[in-house]
Amino acid sequence: MARITSAVFSSHIPAVGAAIDRGATRNEYWAPVFKGFEFSRQWEKDNKPDVVILVYNDHASAFDLRVVPTFAIGCSEQFESADEGWGPRPVPPVIGHPDLAWHIAQSVITDEFDLTICNDFKVDHGLTVPMSLMFGQPEEWPCRVIPFMVNVVQYPPPSGRRCFELGKALRKAVELFDEDLNVQIWGTGGMSHQLQGMRAGLINREWDQKFLDLLIKDPEELTKISHSEYIREAGSEGIELIMWLIARAALGSQVNERHRFYHVPASNCALGHLILEKA
Amino acid sequence: MALEKDYLDIPGTTVFDAEMSRKGYHLNQFCMSLMKAENRVRFLADGRAYVDEWPMTEVQKQAVLARDYNKCIANGANIYFLAKLFYTDETPFERGVSTMTGMTPEAYRSMMLGGGRPIEGNRYIGEK
Chain U
15 MARITSAVFS
25 SHIPAVGAAI
35 DRGATRNEYW
45 APVFKGFEFS
55 RQWEKDNKPD
65 VVILVYNDHA
75 SAFDLRVVPT
85 FAIGCSEQFE
95 SADEGWGPRP
105 VPPVIGHPDL
115 AWHIAQSVIT
125 DEFDLTICND
135 FKVDHGLTVP
145 MSLMFGQPEE
155 WPCRVIPFMV
165 NVVQYPPPSG
175 RRCFELGKAL
185 RKAVELFDED
195 LNVQIWGTGG
205 MSHQLQGMRA
215 GLINREWDQK
225 FLDLLIKDPE
235 ELTKISHSEY
245 IREAGSEGIE
255 LIMWLIARAA
265 LGSQVNERHR
275 FYHVPASNCA
285 LGHLILEKA
Chain L
173 MALEKDYLDI
183 PGTTVFDAEM
193 SRKGYHLNQF
203 CMSLMKAENR
213 VRFLADGRAY
223 VDEWPMTEVQ
233 KQAVLARDYN
243 KCIANGANIY
253 FLAKLFYTDE
263 TPFERGVSTM
273 TGMTPEAYRS
283 MMLGGGRPIE
293 GNRYIGEK
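The listed protein sequences derive, respectively, from chains U and L. Its first residue numbered 15, the first sequence is counted upward by one per residue in my numbering. Its first residue numbered 173, the second sequence is counted upward by one per residue in my numbering.
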């Protein structure tokens, strides 16, 4: 059967993608960020997944306000990189896993999580930046990827509790898939950041650190965080962290921490990164 | 009875909720139109004529033409849509964001390098 063996958590800051694409990863500003992912790139080589379920949010690239799905799964064979206004990122096409994606859709919707099924859309920095951080710049990506989108742009996003429960349903769905597949689940976005208004630039290091501690040891506790607490403490865009709860719950309760990294600043954001393996 | 909006007391922050999205629909969809190169060219050539093609309010149109991003947000814009306007102007994202803070881009960058805007004093409106 298929199984989720590990979870990767990472910010998906567009400027990080731009630094990679421009070859600026060794300059004074960016070097400390990329140093934090050296372990991760080797770890991905040593623990190569067959499939990554990549939880992220679209940033008005595939979806605008005409349609706002709360949860959506990408079931296509292939996903191209979106042009977000400065041309598409020069990355290989993302190859999907339609059989597993459709299987997950059927399982999870039956379990009362009403996903939107998407078959024709482009993926933006929310998906491709974590891939570049974890896999570098290969000719083709080393595994298949199922894009899993969560609305965090239009308020209200789903609750942290709902995300956590969805993660459990995803785990069950993967385990019901007959093919023997090594699956990783990635939760992306965060950590504290605010991109608008007079409070832009907000960083809350202490809150972020506590979030990371609890994510490892007691993630259920994080489901008590209200939307207003996310916005107040981690900034209006820090609410992206609800996506990490999906990935964490999908991994199961007993985990081993393999890697932890935190850095400020990366553009307007605090960058957080964790690798957890199923114990 | 009304919906509880327990985020309205957060300083310097506009939550893009249903009310704001309703207000900003055409403004945000105008921003989306800038994803197409030919539209960017037309908008940059004659901004006034371009915004007049959209059913936005006069206040929204003027906020766009003045690149007053706080006013855009107060009138329903969302930052990820406004980002299309930054890119049209070739304004780096961090610089565009900094213009909303009342700080110079240099002072903003220096604040970020120093660890970002502190949370202390920034949780509640009127907090000391």
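In case anyone wonders, no lab produced these hints; they're calculated from the structure. Owing to the predicted nature of the structure, the values given are computational and were not obtained by experimental measurement. Every residue, glycine too, gets a C-beta built ideally from N, C-alpha and C. There may be inaccurate statements among the hints.
Listing some non-contacts, in silico: residues in chain L with all C-beta distances to chain U over 10 Å [to be verified]:
id: 1; residue: G184
id: 2; residue: A217
id: 3; residue: E230
id: 4; residue: R289
Calculated cross-link-like contacts (lysine-lysine; reagent style BS3-like; alpha-carbon spacing at most 27 Å) [said to hold, decoys possible]:
id: 5; chain 1: U; residue 1: K238; chain 2: U; residue 2: K62
id: 6; chain 1: U; residue 1: K224; chain 2: L; residue 2: K208
id: 7; chain 1: U; residue 1: K238; chain 2: U; residue 2: K49
id: 8; chain 1: L; residue 1: K208; chain 2: U; residue 2: K136
id: 9; chain 1: L; residue 1: K177; chain 2: U; residue 2: K238
#### Entry: Those earlier numbered hints the structure runs against, lowest number first
1, 4, 5, 6 and 7
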